[in-house]
Amino acid sequence: MLSSAILLLFLLPCACGENPAIQLILTNKGLQYGKHAGAGWVQDKLGSVTLPDLSGDFSLLIGSVHYTLSGISIEKCDFPEPSVEFFQNSTGLKASLSGLSVALTGEWTSSYGIIHDEGTFSMAVFNVDVLSVVELGRDADGRLSLSSLLCEAHVQDVQIQIRGGASWIIQLIVDHNRGRIRGDIESRICPQMEEAIVELERHLQAVNVSFDVGEALSLDLPLSLPPVVSASALSLGLKGEFYSIKTHKEPPFEAQPFTLPPQPGYMLSVGLSEFTLNSAFYGFFSSGLLQLLVDDGMIPPGSPVRLNTTSLGRYIPQLAQMFPDLLMNLQVYAREAPMFSLQPDAGKLSVEGTVKAFAIFPNGTQIPVFTLDSESLFSSKMRVADGRVKGSVTMDNLTLSLVASEVGPFSTDSLEKMVRMGVKMVVLPKINQILASGILLPRTKYGQLVNSVLTMEEGFIAFSSDAQLFPTD
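Residue numbers (mature numbering (1 follows the signal peptide of the UniProt record, and there is no 0)): -17 to -1, 1 to 456.
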């Protein structure tokens, strides 16, 4: 169990299309912070660790003595700061621990033929050195994989004090075989480390790489490429594509390559490409969810324009003449999936829609009266402030064009001005009120993000942050 805890310490900072849409970078600053936090966690937990039993045989001139050391617990530990670094040669991590000394207590039993004895013992293990190299990779399903590439262990000395029973005899045997006991302890360290690596690998194989996001979308997050390790960072590239749960259709566009610049002053960085955002829009679009039926009850009570033929007759005179005093509704839907374009310091959202207008007779019968196409362009800005992602949206342009009309041709100029005014005065203020309050950065019982910054770049959003881990079991 101790070796498992040490291995977990070493790996704590860690946790398909050809071009990854999401890039993650763990810097050396993050690695060292994780190492330091993990060392404190291990130090706190060592007092509650029970080590595996040790057993073996000592050969005598006549026969042999079988012994078992059980209930071994740690009374005191001199736990030095471990060394953890990125290891380019094997695309992994190199960790070492030098000068670990441990004071242990437990119980002993011995048997020599029909003679059995028992008692307690104290053991001091001096200057344990461990070197481990763990290789990171990607399995066939895109999960992060790890394997032990190298493990070396050395124990300088062991001292054992036997108490109870015929302790003076057992003490003589133990002292005579102290080198053998030291070697036995030493030989068990790496197998325990490697067993813990296999156990962590089993946990990684159970990690989902696809998640449902609400009832409409799923998000695929397998590794697109094997991990890349440099002298100062670990980089992971994820597929980062949303799909419609209903259709699971591939979008008619592909992820484009982008380079997330290193930020060594932060612990981690994330690059989110516009492909990920646009795949979400396409998922909604292919599911048929980007449509809305608007009636007069959805218009704000104070609006001077109502959704009826009399009110809209001011913009389309023949509408009120041919269909006087009738309520209306609008069937609004996207003609194409909205597209987000990320540029330095701003994002552009292009929306192409269609509006079909219907007049509603008193008996509930609806007849189409006209169809408009709309094209609109919005600009957005995002930032991190007060632990939240905040933003704002402005409208760059909105145009309406007549596609079909059952009331005859008419100019859309005045109607277009009215819609622009409604979007600017009613819709955008509500959206910006929500964006101004912001969305909390992810936070779990294990830690939170601090000192975060967000910028918009050509084709992607760059997010860099430090992390603060919380003490937890």
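It cannot be assumed that every hint is accurate.
Quick list of in silico lysine-lysine cross-link-like pairs, DSS-like style, CA-CA up to 27 Å [stated by the list, open to error]:
no. : residue 1 : residue 2
1   : Lys331    : Lys373
2   : Lys12     : Lys77
3   : Lys413    : Lys339
4   : Lys331    : Lys413
5   : Lys77     : Lys232
6   : Lys373    : Lys413
7   : Lys373    : Lys428
8   : Lys428    : Lys339
9   : Lys428    : Lys364
Have a look at the derived ranges for each label pair, beta carbon to beta carbon [to be verified]:
no. : residue 1 : residue 2 : range
10  : Ile228    : Gln416    : 29 to 35 Å
11  : Ser394    : Gly347    : 30 to 36 Å
12  : Ser384    : Leu423    : 39 to 45 Å
13  : Val386    : Ser333    : 15 to 21 Å
14  : Asp158    : Ser53     : 36 to 42 Å
15  : Gly147    : Ala107    : 14 to 20 Å
16  : Ala214    : Arg426    : 18 to 24 Å
17  : Ser42     : Glu177    : 27 to 33 Å
18  : His231    : Gly166    : 56 to 62 Å
19  : His231    : Arg297    : 28 to 34 Å
20  : Ser42     : Thr427    : 51 to 57 Å
What the hints contain is simulated information worked out from the structure, not anything from laboratory work. All C-beta atoms, glycine included, are put in the ideal place defined by N, C-alpha and C.
Hint check:
{"no.": "1", "hint": "Lys331 - Lys373", "result": "holds, 16 Å"}
{"no.": "2", "hint": "Lys12 - Lys77", "result": "holds, 15 Å"}
{"no.": "3", "hint": "Lys413 - Lys339", "result": "holds, 25 Å"}
{"no.": "4", "hint": "Lys331 - Lys413", "result": "holds, 19 Å"}
{"no.": "5", "hint": "Lys77 - Lys232", "result": "violated, 42 Å"}
{"no.": "6", "hint": "Lys373 - Lys413", "result": "holds, 14 Å"}
{"no.": "7", "hint": "Lys373 - Lys428", "result": "holds, 23 Å"}
{"no.": "8", "hint": "Lys428 - Lys339", "result": "violated, 49 Å"}
{"no.": "9", "hint": "Lys428 - Lys364", "result": "violated, 30 Å"}
{"no.": "10", "hint": "Ile228 - Gln416: 29 to 35 Å", "result": "holds, 31 Å"}
{"no.": "11", "hint": "Ser394 - Gly347: 30 to 36 Å", "result": "holds, 31 Å"}
{"no.": "12", "hint": "Ser384 - Leu423: 39 to 45 Å", "result": "holds, 41 Å"}
{"no.": "13", "hint": "Val386 - Ser333: 15 to 21 Å", "result": "holds, 19 Å"}
{"no.": "14", "hint": "Asp158 - Ser53: 36 to 42 Å", "result": "violated, 21 Å"}
{"no.": "15", "hint": "Gly147 - Ala107: 14 to 20 Å", "result": "holds, 18 Å"}
{"no.": "16", "hint": "Ala214 - Arg426: 18 to 24 Å", "result": "violated, 31 Å"}
{"no.": "17", "hint": "Ser42 - Glu177: 27 to 33 Å", "result": "holds, 29 Å"}
{"no.": "18", "hint": "His231 - Gly166: 56 to 62 Å", "result": "holds, 58 Å"}
{"no.": "19", "hint": "His231 - Arg297: 28 to 34 Å", "result": "violated, 46 Å"}
{"no.": "20", "hint": "Ser42 - Thr427: 51 to 57 Å", "result": "holds, 55 Å"}
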